[in-house]
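One line per chain: the protein sequences are R and W, in this order.
Read in order, the letters of the first sequence correspond to residues 10 to 122 in our numbering.
Read in order, the letters of the second sequence correspond to residues 21 to 132 in our numbering.
Rather than coming from a laboratory, the hints here were simulated on the basis of the structure.
Model, not experiment: these values are computed from the prediction.
Mixed in with the good hints, there may be bad ones.
Said to hold, decoys possible - Each pair of labels, with its calculated beta carbon distance range: (1) D75/W - T47/R: 27 to 37 angstroms; (2) G25/R - H96/W: 46 to 56 angstroms; (3) L131/W - P79/R: 26 to 36 angstroms; (4) D51/W - D66/R: 32 to 42 angstroms; (5) P79/R - D114/W: 21 to 31 angstroms.
We treat Cβ as the ideally placed atom computed from N, Cα and C, and that holds for glycine.
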Amino acid sequence: DAGVIQSPRHEVTEMGQEVTLRCKPISGHNSLFWYRQTMMRGLELLIYFNNNVPIDDSGMPEDRFSAKMPNASFSTLKIQPSEPRDSAVYFCASSFWTETEAFFGQGTRLTVV
Amino acid sequence: DQQVKQNSPSLSVQEGRISILNCDYTNSMFDYFLWYKKYPAEGPTFLISISSIKDKNEDGRFTVFLNKSAKHLSLHIVPSQPGDSAVYFCAAGDSGTYKYIFGTGTRLKVLA
Numbered sequence: 010d011a012g013v014i015q016s017p018r019h020e021v022t023e024m025g026q027e028v029t030l031r032c033k034p035i036s037g038h039n040s041l042f043w044y045r046q047t048m049m050r051g052l053e054l055l056i057y058f059n060n061n062v063p064i065d066d067s068g069m070p071e072d073r074f075s076a077k078m079p080n081a082s083f084s085t086l087k088i089q090p091s092e093p094r095d096s097a098v099y100f101c102a103s104s105f106w107t108e109t110e111a112f113f114g115q116g117t118r119l120t121v122v
Numbered sequence: 021d022q023q024v025k026q027n028s029p030s031l032s033v034q035e036g037r038i039s040i041l042n043c044d045y046t047n048s049m050f051d052y053f054l055w056y057k058k059y060p061a062e063g064p065t066f067l068i069s070i071s072s073i074k075d076k077n078e079d080g081r082f083t084v085f086l087n088k089s090a091k092h093l094s095l096h097i098v099p100s101q102p103g104d105s106a107v108y109f110c111a112a113g114d115s116g117t118y119k120y121i122f123g124t125g126t127r128l129k130v131l132a
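Sequences and hints are given; from them, build the entire structure.
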């Protein structure tokens, strides 16, 4: 398996623009997590899904952030409108629900100017 | 409010010596703890974990110790190797929900 695949790897956008980050989890995994990494706060859990259903989105910072998982092999994290303080590395991770270990993608480095 | 804290942002150790990375947590409901390692431009990779029913778990050169009364865990790497140079994150959470809170990370540098 290729592991968790995220795209794009890098994204530079202007403030106010919509940004969509994409994630393909490992086949067979039924839990999916979106994390944001910043220097100040480390890895923050934004939202996680179990069997494509959002279970906990309490980490989503504002209404500007939304996440979807239309099927077991694809998820998106959207920021609309984007702001410079959203600049960070965003990671997607997946796991099998009975396993505690999550596998991470390589991340998307987002820069909002 | 940081529920999981790694108070040392960085650590330097000589090759062959022991590396000790520390992590503190505040939520007594946490019952599962993990360590992840992260190289630049890569995602974190799972290293080792421990359940709250244990106080020690060992995997090769890596050992995690858990002190529940102090709400403290540590990762020992013996002997340290230059390839161990990375950022190490500890994570804690409830194994029932699989919602894990990560610390801010400790950058380990192993000097050859």
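Name the hints, by number, that the structure is in violation of. Result: hints 3, 4 break, sorted rising.
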